[in-house]
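Protein chains in written order, with my numbering: chain S, 45 to 483; chain F, -6 to 257.
For the record, the hints were derived by calculation from the structure and aren't laboratory data.
Nothing false has been slipped in among the hints.
Examples of chain S residues toward chain F, derived with CB under 10 Å:
(1) T268
(2) P272
(3) T349
(4) R355
(5) G361
(6) E365
(7) G429
On a predicted model such as this, the values are computed, not experimentally measured, just so you know.
Using N, Cα and C, we set each Cβ at its ideal position, and we do this for glycine too.
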Amino acid sequence: MAQASEVAPVVAGSKPPRSLGSLYRSMELDTRLLGMLIALIVMWIGFDRLSGGLFLTSPNLWNLSVQSSAVAVMATGMVLIIVSRNIDLSVGSILGLTGYTMAMVQAVWIPTTLHLGWEQPYTFLVALVVGITLGALIGGFQGVIIAYIGVPSFIVTLGGLLVWRGLVFEIQQGQTISPIDKTFTIIGGGLPDGALGEVSWIVAALLCVGIVFMMWSSRRRSRTYGFPVRPLWSAILISVVGCAGVLAAVWVVTEGYAWPPLLAHKYAIEHHVAEPAGGLQIPVGLAVPVLILLVVALVMTLIATRRRFGRYVFAIGGNPEAAELAGINTRRTILGTYVIMGILCAISGAIQTARLGSGVTSLGTSDELSVIAAAVIGGTSFTGGIGTIPGAILGAVVMQTLRSGMLTLKVDSPIQDLVVGSVLVAAVAVNTVIGRRAK
Amino acid sequence: MSMETNQQPPLVLMRDMRVSFGGVHAVNDVTVDLRAGEVVGLVGGNGAGKSTLMRALSGAHPADGGQIFINGQPVIIPNPRAAKDYGIETIYQTLALADNVDAAANMFLGRELTTRVGSLDDAAMESATRKVIGRLNPNFKNFKTPVVSLSGGQRQSVAIARAVHFNAKILIMDEPTAALGPAETAQVRDLIKQLKSEGIGIFLISHDIHDVFDLADRISVMLHGKLVGTVNKQEVTTDEVLAMIIMGKLPTEVTQRDLASLHG
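Please take these sequences and the hints and turn them into a complete structure.
Below, the structure written as structure tokens:
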């Protein structure tokens, strides 16, 4: 099959776009994601108006970013699970068990059981490795039952929801475990050490370089093979808007948000810094959980879109029989999604335990609902085969915005549940209608 | 048949094949063979066991009994991957496409091209897909859209492209023209003739007796899970094959009254 004719280069970018519609199409944007982003901005402005300017403040947005991160980390894994037509109801309990275990490692097992002392330089690392390994093992255990024995994932993880939570209470008779190792608490994003300060600008610069590089490399690859190339003006526009968004976000939490006066005062005294009138201004910067989320998002996006494993997850979701007939090891792939989910639960467990500063038995209770809702609001379809990592992260932010916004407006908790539940169903209804029209 | 006179072993020999579904013998002691550069038509009514027999060869549903030989060597085909390793490619009646991904992702499903660091080389896959499908179906344009939004003929092109791209030695085509219009059907016929001339052996399952007569060298007829017989196309008429399909009678057994009743 060698004498293939040369593919005629398609001219999409060379002629000027005629209408607004074709202008938009030539930008090759994800309509659903863009719609969500717009909905999110509308919600932010709405809450800000209704609360008389209390919502769009640097401290509030910073808190929003930290609170969203813990759920968003898990939501990226839930996308793969739901895309392959499964579900994981046990994420909150896995988070609880791994978080509690990590607290035990640093507050009981290392200092007391093993007599190695408190605040060792390796304590946080041992705790993390133990927690993440445990998460992977739990996920793998559930995955084996689902993929190789064939028990429906709903049942297996419903059992897991009860079993792993029950285990948490068995470890130390339901006690609250503290104190947490100082280095470990950085993971939680608490001030003063849990935010990056001016270093955030380096993260911002890296993100901008990443955006530009992505645009450039996709254009270069398309051109190598003579495919339609995204027009230059569109690539530049997306790069500029993307970089501007990154810089604005970092500006808000860095230049726009300083340490609380008391904390800054304490710092000035401890470091013998002269305090100017009005107090020392120390920028807060991106919280460590947000940094963790950025890394998780990057890795998970690569797994989902650039690796065979991710391709197989989507193929299985689209047509399990076709995936099997194509020679894909579907069982191993499903197992893999649960191992990843377990690891992400442990990462989120580390963030939340560090944030609380102690190991508590109730950590992560009903998080499975937030995580599933985030993935689903973010466009992941329960019919399988459809979903994106950035969508799930946006979904987590939307969920957290609703919660935090209503808290700002002092809405009662039952009414909050009512609104969040309705938004969840409405979002999926919109997705379903869009999906039906796309066919 | 005449295979004993040939020195070379057949490309494929499936001997005494048996497949049962919970006590029902879907395929019962069936023996068929296929030579390189030959098209063997596999015909029979609904539930005759043609597809089930071929699913045993493609690894989709392993047989319960019998032996498969490829180039005279006994082989075991427990799953689709094993079949592909022996150069067996299949175009399923259902097409077996992942609806939510594009043509290139389907064509390379399970055999993706990767870059040096192991990430998917989508551009290279799309390029190869454009070349292969461009030959099969010059009107095919939607390389970026999920295959669910393609027409029946376009989807068929993707399934066929997937089967022919990986240098198959043995091709199983289960109703390859069922979803196609006249022009596309003609293209598939041309393709089958071309692949045959390249030395590929093809099992062709079809309901359309005229398709089979046009393309096949030999015709194996199945009825109720059993093989009625295998005949050379040159030595039989369509009516005689119809008698095999419907009555299970070989041309040597069939009477003029039987043949007349086919049209009654």
